[in-house]
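Protein chains: 2
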Amino acid sequence: MNKTKYNPVTPEIVAELREILGDKYVIFDDAERLEPYSHDEVPNPRYAHMPDALVRPRTAEEISAIVKLANRCMVPITPRGAGSGLSGGAVPIHGGIVLLVDRMNKILDVDRDNMMVVVEPGVVTSEINDAVEEFGLFYAGYPMSLETCYIGGNVAENAGGGKAIKYGVTARYVLGVEVVTPAGEIIEMGGKLVKDVTGYNMVQLMVGSEGTLGIFTKITLKLLPAPRASVDMLCLFETPREAISAVPKLMTEGGVIPTTIEFMDRPSVQAACEYLNETIPYEQAGAMLLITVDGADVQQVEREYEAVGEQCLANGAIEVFVADNSTTSERIWSVRRNIAEAFSIVSPEQCNEDLVVPPAAIAELVDGMEKIAEKYGVAIPSYGHAGDGNLHTRIVKAPDWSMDRWEDTWPGILNELFELTASLGGRCSGEHGIGHKRKKYMPMFVSEGYIELLRSIKRAMDPNNILNPGKIFDV
Amino acid sequence: MNKTKYNPVTPEIVAELREILGDKYVIFDDAERLEPYSHDEVPNPRYAHMPDALVRPRTAEEISAIVKLANRCMVPITPRGAGSGLSGGAVPIHGGIVLLVDRMNKILDVDRDNMMVVVEPGVVTSEINDAVEEFGLFYAGYPMSLETCYIGGNVAENAGGGKAIKYGVTARYVLGVEVVTPAGEIIEMGGKLVKDVTGYNMVQLMVGSEGTLGIFTKITLKLLPAPRASVDMLCLFETPREAISAVPKLMTEGGVIPTTIEFMDRPSVQAACEYLNETIPYEQAGAMLLITVDGADVQQVEREYEAVGEQCLANGAIEVFVADNSTTSERIWSVRRNIAEAFSIVSPEQCNEDLVVPPAAIAELVDGMEKIAEKYGVAIPSYGHAGDGNLHTRIVKAPDWSMDRWEDTWPGILNELFELTASLGGRCSGEHGIGHKRKKYMPMFVSEGYIELLRSIKRAMDPNNILNPGKIFDV
Numbered sequence: 220m221n222k223t224k225y226n227p228v229t230p231e232i233v234a235e236l237r238e239i240l241g242d243k244y245v246i247f248d249d250a251e252r253l254e255p256y257s258h259d260e261v262p263n264p265r266y267a268h269m270p271d272a273l274v275r276p277r278t279a280e281e282i283s284a285i286v287k288l289a290n291r292c293m294v295p296i297t298p299r300g301a302g303s304g305l306s307g308g309a310v311p312i313h314g315g316i317v318l319l320v321d322r323m324n325k326i327l328d329v330d331r332d333n334m335m336v337v338v339e340p341g342v343v344t345s346e347i348n349d350a351v352e353e354f355g356l357f358y359a360g361y362p363m364s365l366e367t368c369y370i371g372g373n374v375a376e377n378a379g380g381g382k383a384i385k386y387g388v389t390a391r392y393v394l395g396v397e398v399v400t401p402a403g404e405i406i407e408m409g410g411k412l413v414k415d416v417t418g419y420n421m422v423q424l425m426v427g428s429e430g431t432l433g434i435f436t437k438i439t440l441k442l443l444p445a446p447r448a449s450v451d452m453l454c455l456f457e458t459p460r461e462a463i464s465a466v467p468k469l470m471t472e473g474g475v476i477p478t479t480i481e482f483m484d485r486p487s488v489q490a491a492c493e494y495l496n497e498t499i500p501y502e503q504a505g506a507m508l509l510i511t512v513d514g515a516d517v518q519q520v521e522r523e524y525e526a527v528g529e530q531c532l533a534n535g536a537i538e539v540f541v542a543d544n545s546t547t548s549e550r551i552w553s554v555r556r557n558i559a560e561a562f563s564i565v566s567p568e569q570c571n572e573d574l575v576v577p578p579a580a581i582a583e584l585v586d587g588m589e590k591i592a593e594k595y596g597v598a599i600p601s602y603g604h605a606g607d608g609n610l611h612t613r614i615v616k617a618p619d620w621s622m623d624r625w626e627d628t629w630p631g632i633l634n635e636l637f638e639l640t641a642s643l644g645g646r647c648s649g650e651h652g653i654g655h656k657r658k659k660y661m662p663m664f665v666s667e668g669y670i671e672l673l674r675s676i677k678r679a680m681d682p683n684n685i686l687n688p689g690k691i692f693d694v
Numbered sequence: 220m221n222k223t224k225y226n227p228v229t230p231e232i233v234a235e236l237r238e239i240l241g242d243k244y245v246i247f248d249d250a251e252r253l254e255p256y257s258h259d260e261v262p263n264p265r266y267a268h269m270p271d272a273l274v275r276p277r278t279a280e281e282i283s284a285i286v287k288l289a290n291r292c293m294v295p296i297t298p299r300g301a302g303s304g305l306s307g308g309a310v311p312i313h314g315g316i317v318l319l320v321d322r323m324n325k326i327l328d329v330d331r332d333n334m335m336v337v338v339e340p341g342v343v344t345s346e347i348n349d350a351v352e353e354f355g356l357f358y359a360g361y362p363m364s365l366e367t368c369y370i371g372g373n374v375a376e377n378a379g380g381g382k383a384i385k386y387g388v389t390a391r392y393v394l395g396v397e398v399v400t401p402a403g404e405i406i407e408m409g410g411k412l413v414k415d416v417t418g419y420n421m422v423q424l425m426v427g428s429e430g431t432l433g434i435f436t437k438i439t440l441k442l443l444p445a446p447r448a449s450v451d452m453l454c455l456f457e458t459p460r461e462a463i464s465a466v467p468k469l470m471t472e473g474g475v476i477p478t479t480i481e482f483m484d485r486p487s488v489q490a491a492c493e494y495l496n497e498t499i500p501y502e503q504a505g506a507m508l509l510i511t512v513d514g515a516d517v518q519q520v521e522r523e524y525e526a527v528g529e530q531c532l533a534n535g536a537i538e539v540f541v542a543d544n545s546t547t548s549e550r551i552w553s554v555r556r557n558i559a560e561a562f563s564i565v566s567p568e569q570c571n572e573d574l575v576v577p578p579a580a581i582a583e584l585v586d587g588m589e590k591i592a593e594k595y596g597v598a599i600p601s602y603g604h605a606g607d608g609n610l611h612t613r614i615v616k617a618p619d620w621s622m623d624r625w626e627d628t629w630p631g632i633l634n635e636l637f638e639l640t641a642s643l644g645g646r647c648s649g650e651h652g653i654g655h656k657r658k659k660y661m662p663m664f665v666s667e668g669y670i671e672l673l674r675s676i677k678r679a680m681d682p683n684n685i686l687n688p689g690k691i692f693d694v
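Those protein sequences? They're chains U and H, same order as listed. Here our numbering is used: the first residue of the first sequence is 220, the next is one more, and so on. Here our numbering is used: the first residue of the second sequence is 220, the next is one more, and so on.
Isolated chain U (complex conformation):
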């Protein structure tokens, strides 16, 4: 892509932005206040880029005016939610304007009869469940970072999470969106409808488009009756392979779809336990499955966890612990949730990935990763959503390696990891997105013809390439 085609944000453009939004909501020429918007949660500074300006609109009409201005002046716009992404998706790699949706944070309509909720994109995801809980309802599409992320970002990235095996990912719950298009038009797509075939599925095209095809201004989400009972189980296995091999059996032999099947290998559990000062009995186990079952009542959940426990034991589990109270559940889940944080303290130099393969291929993936780790002499611990075939893997710099050696070596390790993943019919991202971090690896997983189709849609909807340019693919 030709970077020079864009213009910088000039004081004249800033004056126009201030006219649209008021002075208070346009930040310009202030590196200190702009810096936080130069990166997301990807730690490596190579993926950061400073914006020229930050804008904080409150309405779809303001966003429309800003997008039209940007097209007129050829300035790129990068939409941004909470900045909790893991692919560089909200980073303004061509400079220009970062458009923050933090002021669009209203829950507009809790519609109990239709079991739906209409929200603005800047609502913190967990607030949705806080708002609908009193009606016995819940939003099932949330990711693990629900306490900090915004729903707009979840929809833009098609966020996954721990409950996808039973409840699906964000996409399943998005019934309608109001979008400002790359041309600055405000368009409604879908609505409070469970079925709707009036035209292409534009709603699902927008979900996961990483802010390249539109900016969400309203989102209609489907809710479900909240489960009335839930139990967590911790199942210990001798080896990762045994743990992983048990996963499809829970569903095919046990006839149960658990809410969650999280896999954690020993290095992951160990790191989190040491970080938390937790005493889960991980020493004896090479790997663990954290399994949740939920349902409409206690009896159903009891039968389900018995079936799951039986399948685990029949497939090589050393032991199965049932967390029958919320304190124990919280202890177990805390280990899972703190793995990423624990590893970032163990070694700040690492490469965090989001591999996904057909669920039954995950044992082969784990075996292959062990071989690659051994070959290069690095640690590649893994944990993640085993039921979905989605593993969060990290290549961790060996403590005795120089930075030069690390920088020279990790790209080759990553390449081998991706080759392995591709050979299993997998992809380089299950839920974190491509952004610009994984863009160059796309051709390892999808055909050039497929990428060219994506480009043709982007060109058709955004001829000036104004909205989040340089993400997923180059035009």
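None of these hints come from the bench; they were simulated from the model. Check before you lean on any hint, since a few could be wrong.
Note that the list lumps identical chains together, so a pair holds whenever it fits in one copy or between two copies.
List time: in silico EDC-like cross-link candidates among lysine to aspartate or glutamate, alpha-carbon distance up to 16 Å [unchecked claim]:
hint : residue 1 : residue 2
1    : K468      : D332
2    : K468      : D330
3    : K243      : E549
The hints should help you fit chain H onto chain U, whose structure is shown.
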């Protein structure tokens, strides 16, 4: 659209088609054999149009060659499955080539460990469940016409059906497709992956695109563990409004998501009972709900149907019958399945629609329909998927009306019905598709800007407008 831009199928083109497929699989210049491909299940001959030629390819490569030839010669191609559609979607309204997928009828891969199946587009939908049953699995996305329709058509139309309230529609189960694009390229999208964010959700853009963006050559579907118990209930109410009003309560108050909530008003039940010589006690009831609950075991299903029964009785049901054996279940379901057939015998002159509104608005829709029926002196019986807000409504010619009066009047009635639907936030099709039958009504339900986005995608992917032109919208 300029109809003259297309060329007719010439003997030279037929010769090329025969070279690609062999003589046997190209039909040309034979009105009798071509006639069945001039219409789908829409009875009105105004929506029919003869093809110039019919082709029956066996492979993606053959389809690719045909599509490239069609682009070169500017001849339109209309893909066709079983022809069981209800929107004219498979009708070649600009003539040209009908491309029938009936020879692509193999189940390619039953993948038990991944709980997926890979099929060709010409597989009859019910055969999928026949093939996976022995593994304790089932495909949940099927529509009511599963015994005759093809899975390729289901995916092209995003078919719904009776189980959508619990299991969703076809789209939820499509994980991957191999597609021949409008340019004749063979492209893989998605795969055996539960999560995948490598690029826009092209799979879901293709699902429901009515054959205008590509021709499916392989489809990867997600399966679920088959429910091990199921019960049907017939709940009788005095009025349609009472029946309909009970529906959201089953979920919000009862905490149960039934598999099916079918609504049938008295005229619909009566027509089907008379047609079948069935003796369901409909006389006392103005409307009925046919409710199915299923689950992993008998106990769960028992608790669920008790909760559903309680909610129905608390919300005005006269009586609740539980069909605890397959003979009774089959009797009830037979009534539901034969309504359309029964009405087509009562009066062949009718206008069949597929209205969808937010589920909680369905009582208002039924009330409004009654008023419109009264105003014009026609019958507008309705039945359908109440839990989804999706009603199959038909405007039936009054027996004493002349054909002229009917032809003069029905368009105005339909218009009023659509205005009512739109005012409730609804759409003119929930699962049958737009095709060319409902194309002109699209602007009543969606904005011009939205339709223009659809057009821009169609133009980008099919610049010659070769694939199923004139469907959903005009370019």
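A quick look at each hint next to the structure:
Proximity of K468 to D332 under the C-alpha cut-off of 16 Å is restricted to the inter-copy arrangement: shortest distance 8 Å between copies versus 38 Å within a copy. In this assembly of identical chains, the alpha carbons of K468 and D330 lie at most 16 Å apart only when taken from different copies (13 Å versus 38 Å within one copy). Taking identical chains as interchangeable, the C-alpha atoms of K243 and E549 are never at most 16 Å apart, the minima being 42 Å within one chain and 67 Å between chains.
Hint compliance for this structure: hint 3 alone is broken.
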